[in-house]
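First to last, the sequence lines map onto chains E and P. Using my numbering, the first residue of the first sequence is number 918, and each one after it goes up by one. Using my numbering, the first residue of the second sequence is number 918, and each one after it goes up by one.
None of these hints come from the bench; they were simulated from the model. Among the hints, erroneous ones may be present.
Stretch-level coverage of chain E by chain P, calculated; a stretch enters the list once three of its residues show a Cβ under 8 Å from a Cβ in chain P [as the list claims (entries may be wrong)]:
1) 979 to 985
2) 988 to 996
3) 1026 to 1037
4) 1097 to 1110
5) 1237 to 1249
SDA-like mimics (lysine to any residue), calculated; alpha carbons at most 25 Å apart, straight line [said to hold, decoys possible]:
6) Lys955/P x Leu1096/E
7) Lys955/P x Ile1192/E
8) Lys1068/P x Glu1209/P
Here a beta-carbon is modelled for each residue, glycine too, at the ideal position from N, C-alpha and C.
There are 2 protein chains.
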Amino acid sequence: MSAGANVQPGQIVAVGSETGKEDLTREIAAAAYRAGAKFVDVAYFDPWVKRARVANAAPESLDFVPSWYGDRVLALGDQRCARIGLTGNVAPGLMADLDPTLVGRDMLPSVKESGEVVGARTTNWTVAPAPTQGWATLVHPDLDPGAALDKLWGEIAHVCRLDSDDPAATLGERFDFLLSVAARLTERRFDALHFEGPGTDFTLGLMPSSRWVAARFETVDGIVHFPNIPSEEIFTTPDPQRADGVVRSTKPLDLSGTVVRGLEVRFEGGRAVDINADEGAGALRSRAEVDEGAARLGEVALVDRAGRIGPLGTIFYDTLLDENAASHVALGRAYPFACDDEADVERSNVSAIHIDFMIGSEEVDVTGVTTEGDRVPILRGGDWQI
Amino acid sequence: MSAGANVQPGQIVAVGSETGKEDLTREIAAAAYRAGAKFVDVAYFDPWVKRARVANAAPESLDFVPSWYGDRVLALGDQRCARIGLTGNVAPGLMADLDPTLVGRDMLPSVKESGEVVGARTTNWTVAPAPTQGWATLVHPDLDPGAALDKLWGEIAHVCRLDSDDPAATLGERFDFLLSVAARLTERRFDALHFEGPGTDFTLGLMPSSRWVAARFETVDGIVHFPNIPSEEIFTTPDPQRADGVVRSTKPLDLSGTVVRGLEVRFEGGRAVDINADEGAGALRSRAEVDEGAARLGEVALVDRAGRIGPLGTIFYDTLLDENAASHVALGRAYPFACDDEADVERSNVSAIHIDFMIGSEEVDVTGVTTEGDRVPILRGGDWQI
Chain E
918 MSAGANVQPG QIVAVGSETG KEDLTREIAA AAYRAGAKFV DVAYFDPWVK RARVANAAPE
978 SLDFVPSWYG DRVLALGDQR CARIGLTGNV APGLMADLDP TLVGRDMLPS VKESGEVVGA
1038 RTTNWTVAPA PTQGWATLVH PDLDPGAALD KLWGEIAHVC RLDSDDPAAT LGERFDFLLS
1098 VAARLTERRF DALHFEGPGT DFTLGLMPSS RWVAARFETV DGIVHFPNIP SEEIFTTPDP
1158 QRADGVVRST KPLDLSGTVV RGLEVRFEGG RAVDINADEG AGALRSRAEV DEGAARLGEV
1218 ALVDRAGRIG PLGTIFYDTL LDENAASHVA LGRAYPFACD DEADVERSNV SAIHIDFMIG
1278 SEEVDVTGVT TEGDRVPILR GGDWQI
Chain P
918 MSAGANVQPG QIVAVGSETG KEDLTREIAA AAYRAGAKFV DVAYFDPWVK RARVANAAPE
978 SLDFVPSWYG DRVLALGDQR CARIGLTGNV APGLMADLDP TLVGRDMLPS VKESGEVVGA
1038 RTTNWTVAPA PTQGWATLVH PDLDPGAALD KLWGEIAHVC RLDSDDPAAT LGERFDFLLS
1098 VAARLTERRF DALHFEGPGT DFTLGLMPSS RWVAARFETV DGIVHFPNIP SEEIFTTPDP
1158 QRADGVVRST KPLDLSGTVV RGLEVRFEGG RAVDINADEG AGALRSRAEV DEGAARLGEV
1218 ALVDRAGRIG PLGTIFYDTL LDENAASHVA LGRAYPFACD DEADVERSNV SAIHIDFMIG
1278 SEEVDVTGVT TEGDRVPILR GGDWQI
């Protein structure tokens, strides 16, 4: 517990799980109680029920969320709870025969209040992968089911550093390094980032006070926690009004069961004005229309090639893992704590969504642009230049 | 849907399920959406997480319930939602090695606000059995697992009248009969009931305005629904101050995983002053100490031998089914709508718990006692005498 959500004695612990992840969920609940949790509130989301909804409910009702879903999340913040989320698609292809636009309209289990609570830093939280048979078969379709699950578990153990003698210490060393890069990058106060590679020529403005953040968060009450396990990224809040050019995704994106492949997005004046893909574009398009901020960027993250995920070459179809394999941007909600000036916090992007998609690879150069127009290499061939 | 919760177009439908009941839960969700539900909110309770809690958490924390659990139930009432609950023990014996007193302290998934919402008649609801392998093995331990599940499904289909050409009509006929008996019994305005049989000599006072209720409920908005499927009982609200004598249960009682066998309860002045059992007494004792009303009675129900459950001779270890096989009483919360005078409603029992236990059989005579002291046979050998 201490290396993840860092559950404190007396805390309520909310666990966001899914049907199919019962075994790991129960182990986490037991561990949380042993760490002194007052209550573990497990919410099992059932993607098959979501499928029944999208297939049968009135299309105009698909964005409805009962009032108590958001109320619960806000209460988790007010009551200074811990939150643990488990990723990994339990039912790949479940939505394949449904209209992606309708699938995209139902954003559960994600609720907009989560962003508010993350921004307020009132909960200590972590998100970690939970291997299941369904997910393993998606990631390793050429292996038989048992071998696929064994291989996925092995990879998850490796990237989470569970195969080292002291996983928490090994993670901690990597996090220290990422924090040092983030500090150097923050000092440079770049005005913009330029991404250049196959299919990508894209410039993204930063805020004057954009601060690069990594790996280790702290709540308003001083509880240090690791929000993502694993984590290989450093990220900040971009200027939502300045993004121009075309960016081609370097990995497929899984949107609650719909896989978006060959994504290409054109930005003008900060807005995604064109979203195309070889497959599944509708699911992202409908999400990008949810509100004014949904077509603008809330995050830019840089990932080097020294992490453990990229070198595996595995596409996990899971944002937590794939986003930590490659540099990425996110449509939607910004993390306000990644700006230092109140004026920049006010200008940072607001939305009900937050969807990361991968735009980095060893073939994509990342260059910092200063307010004077000087160009400074940041990533070349996946290696830090600063 | 129309014969159960009677889901209305545009309603939110809350489904209270458990891990292990996914298949039926998903069918119900799909059916509710086809009936026009606006949203189906499935809550899967996980008894293994509850086990982890009882085994690891601080004993004094076991009655804690997060604020949003009750808030959600109250919102279901305020927003005039439908509610569907699925019974059947998915994990028999799961709590067998734990202290029954500790197990009894954690009353989830039951929350006290449910009684309030039922009493206010703001939701149309039903509770129905969901056969699972775990439950089948408990009920039919001598059969192999597949045969046990087949047999349980067959029994459930039979008692729910799913094996008739028109299940809703067949249920409706039985419910009409029960309602006619209830009306005759209400007219008699008995002052008390006397139960007499092996190990039982027990007198229970009724309220001046106690009204016998059965099978078919109606919300404040006029939505007719069947709260229990199946239902073979007629019931009313007793006087919580008048219960005297000893009553021996005629069936085992399953309390969230702890089975209470050979239960014997002695009442004095309406209060359960002695709770003994061959097995599991602690689980009931700790529940009866939860609040002042928990040791007093909130329901008395009469069941004849013409229903479909009793003749099977099967013990289901499930209150929904077993209570409809035999006359019973319930410790705890009363249904205020089963009294007509405001003064009686005010006096009816209030508690966070409502636990039915079976006290009837063909060997137990039930006699009505008038205010003048006259004795009128009600049930003899399981047959109605009025």
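Hints versus structure:
1. 979 to 985: holds (count 5)
2. 988 to 996: holds (count 4)
3. 1026 to 1037: Check failed, 0 qualifying residues.
4. 1097 to 1110: violated (count 0)
5. 1237 to 1249: It is violated: at least three residues are needed, and the stretch 1237 to 1249 of chain E offers just 0 whose Cβ sits closer than 8 Å to chain P.
6. Lys955/P x Leu1096/E: violated, 46 Å
7. Lys955/P x Ile1192/E: violated, 30 Å
8. Lys1068/P x Glu1209/P: violated, 42 Å
Taken one by one, the earlier hints fail for this structure at numbers 3, 4, 5, 6, 7, 8, listed in ascending order.
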